[in-house]
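Construct the complete structure from the given sequences, taking the supplied hints into account.
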Amino acid sequence: MTNNKGLFAGIPEKKGREPISNTSLLLRITICTFFGMYILAMLVWGRGFLNPQQFLDLFNNNAFLIVIACGLVAVMIAGGIDISGGGITALVTMTCVVYLDDRGGSVIGSLAIALGIGLAFGLIQGILIAYLDIQPFIVTLAGMFFAKGMVTIVSAVPRTAAQEAFVALKQFRLAIPGIGFYGKTGNFIPAKIEVGVIVAIVIVLAVAVILKWTRFGRNLYAVGGNTQSALMLGINVKRTKFYSYLLAGLLSGIAGYVYMLHTGAGDAANATAAEIQAIASAIIGGTLLTGGVGSVIGALFGVLSLKTITSIVVTSGLREPYWQSITTGLMLCFFILLQSVVLALREKGGFKLLLPEWMKLKRKKSGKDNTPGKDLT
Amino acid sequence: MQNDIVLSMRKICKAFPGVRALQNVDFTLRNGEIHALMGENGAGKSTLIKVLTGVFPKDSGQIHIAGINREITVKSPQEAQNLGISTVYQEITLCPNLTVAENIFIGRGNYRFVNWRSMEKRTTEILAKLNIPARASQQLATCSLAVQQMVAIARAVDMDCKVLILDEPTSSLDEHEVAKLFSLMRELKSRGVGIIFITHFLEQVYEVCDRITVLRNGEFVGEYEIKDLPRVQLISKMLGKELDDISALQNRKASQAGSDATPVYEAFGLSSAEGTKAFDFKIYKGEVNGFTGLLGSGRSESVRTIFGADKVTGGRVRVSGKNVKIRKPKDAMKHGIGYLPEDRKQDGIIEDLSVRENIILALQVMKGFFRPFSRTEAEAFADKYIKLLGIKTASSDTPVRQLSGGNQQKAILARWLLTNPKYLILDEPTRGIDVGTKVEIQKLVLKLAEDGVSVTFISSEIEEMLRTCSRLIVMRDRNIVGELRDEDMTQAKIMHTIAGEAAQNG
Amino acid sequence: MAKGLNKFARSQLVVPLLALFLLIVYNLIRDIGFFSISIITNNDGDTVLSGNLISIINGASELAILAIGMTLVTASSRGQDISVGAAAAIAGSIFVNVLRGNQITITTILFAFLASCIVAILFGVFNGTLVAAFKIQPMIATLILFSAGRSIAYWINGGATPTVSSPLLEAIGGFIPGIPIPTPILIMILFGVLIWLVLKFTNLGLYTQAVGINEKSARLNGINAAWIKLLSFMILGVCVAIAGCVNVCRIGLINHESLLIDIEMDAILAVAIGGNSLGGGKFSLAGSVIGAFIIQALTITLYAMKVPSTAVKAYKAIVIIAIVVISSPIVKEYALKLRDKLFKKPAKITENSPESFSDGV
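Respectively, the protein sequence lines represent chains A, B and C.
Position 251, counted from 1, in the first sequence is what our numbering calls 251; the numbers after and before it change by one each time, with no gaps.
Position 25, counted from 1, in the second sequence is what our numbering calls 1025; the numbers after and before it change by one each time, with no gaps.
Position 154, counted from 1, in the third sequence is what our numbering calls 2154; the numbers after and before it change by one each time, with no gaps.
No lab work stands behind these hints: they were computed from the structure.
Beta carbons are placed, not taken as given, at the ideal position from N, Cα and C, and that holds for glycine.
Accuracy of the hints is not assured; some may be wrong.
Distance windows between CB atoms, simulated [as the list claims (entries may be wrong)]: (1) Ile2181/C x Val341/A: 48 to 58 Å; (2) Thr214/A x Leu2186/C: 52 to 62 Å; (3) Ala344/A x Glu1219/B: 47 to 57 Å; (4) Thr214/A x Arg1231/B: 49 to 59 Å; (5) Arg1186/B x Val341/A: 43 to 53 Å; (6) Glu2333/C x Glu1219/B: 44 to 54 Å; (7) Ile2029/C x Lys1392/B: 47 to 57 Å; (8) Thr160/A x Ala2160/C: 51 to 61 Å.
Right, here's the structure in full:
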């Protein structure tokens, strides 16, 4: 029957493998780009890039950013945005340092403060956005302003934590067995990671599990994919959105503590522009601001790619500071255009990216059938 | 005797600002019946359904459902689901970025973690049982609209619902798919599910339903057995008047095709990027012609190509005998072509703008960016057409989104009439609007033709086309497969032409 | 009369005007002479107006100009341009570098402004192309220039912060001899009038709103949606150039890092405080300008209260949240219900769309 065509139009002929989803396609592109870039750097500039410690330092220096990006991805998947991450990070570092040094606080106490600040921001921002329906950009912008203003109210001058237990924790390094490099005297120096990295990795895995295997995680995708449908499907949209901001707030709090474990200092200038870097990382990692598509693994590789390109620029001799942000911009531009083109081609007709226009089979697309949701653009 | 009642709603009232949407409406649904809910647009069907599914709270009245001994209040769609009330809406309310399996299971039951394997296994079973051609792990966006609608139904069915509400589920399906849906409905009925079916297609009501409840202006008109209520009576109940109007409409069999007059519009080998195959077409002054065919046959795509709405990839066009280029809508507008699109919400109205701005938009664009109409001019235009077409609106300042579907459609019609077109394309102008307005629009089409405007009219209801058109172009698989006129224009002949080679292929 | 009042009560300008009014009243209670305008003679010997009111309006000039452009971009593209600060730094750098290469006369200033205008418009075209042709969300598309823009300015300036000084530039950034009103205010008013005329004598407003509300439908009515979006970004480019050049004239040097820093956030805030939806569609330029004044008035008030400049942001955040919470439809609806309950009026149905009832409010 010809009529069957209409029904079967959307089904690929092959019964074998599923065509990969947009989420995983964008993720694969990012991961390949990162490794491609890093291997290229090892081949061209060798030395530093061949040192495993330099690779691990990517994690050591940016663990906090990875954590912020994880929360942001959850929010972005649900179709929102959170730009308060950097501000909260700065506020947490300052408050904890003041607490540890001036109030004779304990490590546990400071950790509780960090989580408390993060949760408080998440709670208030979540209520305002989810239940009062206020634009997330404005709410989290205000959150950022508030946090940054509060930092200077807590302490007008930068501080460094000197509390012993904390310093011990800060200086703890986990050596990775079997990986390392030989120093100038020929002795083997194992490569090391900081505590914050362990935290960051655990969080990446935890959020990845939440997104893939929990009801809350899948609800996030549903809400971001089509809010109205999600409501009709019986999902509590408001609660889902609320929890996404709560999660992002909590993770920003943790990110603050991770930042402090790395530098040990409280400073209003801490984590400046971290929110923008987190957004950039999420985008490079294939998370769409429109919602419904994204992954934390992607965000992790987004952070790594962003930082690798910076060190490549420095290594290749462009030492003026402006080259770093210009290349960051170029890289963003590249990824954004790439995603736009890939998604547009996919929407148009199957996965025939690599074929030039004239080689493509004439596609059979009827106006009604096969129209993918608009949120995939 | 009342044991078989699965749902009863008594004296339901609901008001919106300035409108009494429902006044003391009763509705009773029994086990294993398919119950049509009928009424014009604005009669309160959708409101009643939304009250039942917890989208709106009711102002007063009682709802009882079998198995629960007290009066119930439904606060959210989720609660409705838990009570065994499942709904499939006209617009597909699924998430395109999730898999088919997830769309069937998300938001249901109590679970914390997702067991993908068992979920997909269950889904495969359900899909197989209902004979739905999709795979569990497939992304929903890659399914056709019809399959998506079937998935929505599969979800509703799997929830062990007592009440299944189908709110215009057939408007995006072609005939074959509708038949499939009906067999599914009959099977559910035999399992004792009560089905509420809302549709604008009368034939479908008589094909599948057991009982009809009619609403009018938010009031309950009556509940009837299907056999007690012939078609004509149903329409008169819905309209509240006898239907002389509709029978009075006569199509003008004044086909000019073949005469040696210059056609108003002529296309040779026109094709578009949206997949219409090259076609020839012409229309004469004062002629009403129609494109017909199954949904997806290319009828809408063809007229979109004529208007330049999709990317035109080839062909020549002549307007009143002169060679012209129509690449984008504005070119077509310049040559006196107007186009009322199929999808009123997506392509037609600009919902937040006022009725006035919506009406003057096309003429304003033709007049030019640097020459805006003054407020007085704009108001004069808008008021004239609001009066002429009887658009029901508080004022010309009212945002068009606040109007009912039929009145929105009239506003778009007004927009194109204002441009004083030579050739007007109307793609499904009567879809999803009430019977009264449908008749008005058909009359208007004939009136326009009398005044010398050429009209292309597309409708899913073949009777409408037969009444208004003097020539029908039949499409199948994006090709024009026949042209019918005069005595050939009968329902049987059209069906035959549409089916044509399909029988041979099958 | 009553109907007109009722209409006003529902207009989007109510909350912002009320907020501005409260700010003014608060300041008057705190210090009755807060808004007194005095006539003083400044260092150059000119007679000029001085006072908090003048400094509020003066300080808000660049922000108001940018807010106007941002409103148009928001309306047409349903998103915001976060690169305006960075683009203004580039425009300012071009302005300074052209002037430094030449003798500063009115002609060269005009030429330099024109050059920076062209550059700013080109960056607007870049952003606009990404948004209109590649269908990238505005905030993401402009993120590129946001991260690279100030570095580009740094690169143009050769890593320095060059200064320019001339009485002519001081006249633009300060006072024109003989006119007691600060020139930036005049420029803002001039620009406002220009935009008003453009909106009156073209269909920019109608087209922009149509594109922002329903792009597909706008296209089927013959509107070139991509062009309208691009145009809005180009107009914002002009706003950016004006704001950048005025700011350079004001401070007499170009610092790529601090010139109009965070202005993008303030401009977006001004749009939102003015009651405009950040989701595009219908817009009110007056609202955005009032929004800009609110932000500036707030800043000046906080300074007057001796709040340290670094902490101003925290207080600003609280006021912003208060304003958006009050203007939130859900809160309005709740307030109306409460009013009806308190005054025992018969149950009145609120203006809000029925959708807001959904999902357990």
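These are the hints, each one checked on the structure:
1. For the pair Ile2181/C and Val341/A, the supplied restraint of 48 to 58 Å holds, since their beta-carbon distance comes to about 51 Å.
2. Judged by the Cβ atoms, the range 52 to 62 Å given for Thr214/A and Leu2186/C holds: they are separated by roughly 59 Å.
3. A beta carbon spacing of about 50 Å between Ala344/A and Glu1219/B agrees with the range 47 to 57 Å that was offered as a hint.
4. With their beta carbons about 52 Å apart, Thr214/A and Arg1231/B fall inside the hinted range of 49 to 59 Å.
5. Look at Arg1186/B against Val341/A: about 47 Å separates their beta carbons, and that is inside 43 to 53 Å.
6. A beta carbon spacing of about 28 Å between Glu2333/C and Glu1219/B contradicts the range 44 to 54 Å that was offered as a hint.
7. Between Ile2029/C and Lys1392/B the Cβ separation comes to about 51 Å, which falls inside the hinted range of 47 to 57 Å.
8. Distance hint for Thr160/A and Ala2160/C: a CB-CB separation of about 32 Å, inconsistent with the stated range 51 to 61 Å.
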